[in-house]
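Put together the whole structure using the sequences plus the hints.
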Amino acid sequence: MQPAIFERVVVKNSPVYQYMKVSLVLEHVQTKLTAVELKHLITTGLKSLYGEVGAAFPFDLLTFEEDTLTAVLRVYSRGLVRLWSSLTLLGFFQQQRCAFRVLQVSPYLLSLTGNSRDLTLD
Amino acid sequence: MVRVKSRYLLCEINVSDQSKLLLLDDRAINGAVKDAVAFTHGDYGAAQCGLGFSVKYVNAHTGIMFLRCPKSSYRLIWSALPFITSIEKRGEKIPCFLNCLHVGGTIRTCQKFLVRYNTQQLHRMLPKCKTKEEKAQIRRAILCSSSYMLKGREERKKEKDD
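So the sequences go chain by chain: A and B. If you read the first sequence in the numbering used here, its first letter stands for residue 1, the second for the next number, and so on. If you read the second sequence in the numbering used here, its first letter stands for residue 123, the second for the next number, and so on.
Simulated from the structure, these hints should not be mistaken for lab results. All C-beta atoms in this analysis are idealised placements derived from N, C-alpha and C, irrespective of residue type, glycine included. Heads up, some of the hints might be wrong.
Stated by the list, open to error - A partial selection of chain B residues facing chain A, derived with a Cβ cut-off under 10 Å:
#1 V159
#2 A160
#3 T162
#4 A168
#5 P192
#6 S194
#7 L198
#8 W200
#9 S201
#10 A202
#11 F205
Structure (structure tokens):
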């Protein structure tokens, strides 16, 4: 058996931003949201889990489709874990239950355009 | 795993009303700091700091306190201290603010720093004295603390020679 080797991983040229494609699932399917309300919802989630310091971390809502409630978020790489964990633990939106489904996460925006799950083969 | 390391924050509390200073006790400060950490860093911060945090020593006359924090989360607690604006004691809110003077690994290093800091403060108070009696009192206090520091140095020299 080989002895355990100490390995240090150094990542050079690590990407600055991380992009997340998320979709919001609500208890009452008919409710409509605006982009501002969605950003406020995510900020309240960050605030409850990570406090004022966490809620102050900048993130951007790049696109938002109102029919499917799908959004593309952009965050600095250091804040990805915080944002993702607060989305996971976010449970309520205006007294109705909600859940965030994270569809794709990538450091490159272009890779969010294609999704092999939605691919239909002839 | 040789030793569990922790950090001791030496803080000074500044109160506008001197008489209210004497009402301080460790439980009130414990509650105030925990609330501040929960406000600043949310559930994550409150959980990380809640385990090893305790108030070790409070001096109500001078407003000095020692806070014990685990080594992994002492920066979270330190960053939350400026957000404390008041301490609640039996329904009464005492407006105050906390100053962190020193971070040490053990209570003894914090104590050594405190002796040096107090002698500096006494030196600063000396020119502001108005009566001769006050000056004599301060000079005696400086002499006391310097002899304490010298005694400590002599003891360490003896240990080296033995």
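Results of checking the hints against the structure:
no.	hint	verdict
1	V159	8 Å, holds
2	A160	7 Å, holds
3	T162	5 Å, holds
4	A168	8 Å, holds
5	P192	18 Å, violated
6	S194	17 Å, violated
7	L198	9 Å, holds
8	W200	13 Å, violated
9	S201	7 Å, holds
10	A202	9 Å, holds
11	F205	8 Å, holds
Hints 5, 6 and 8 from the list above are not met by this structure, while the remaining hints are.
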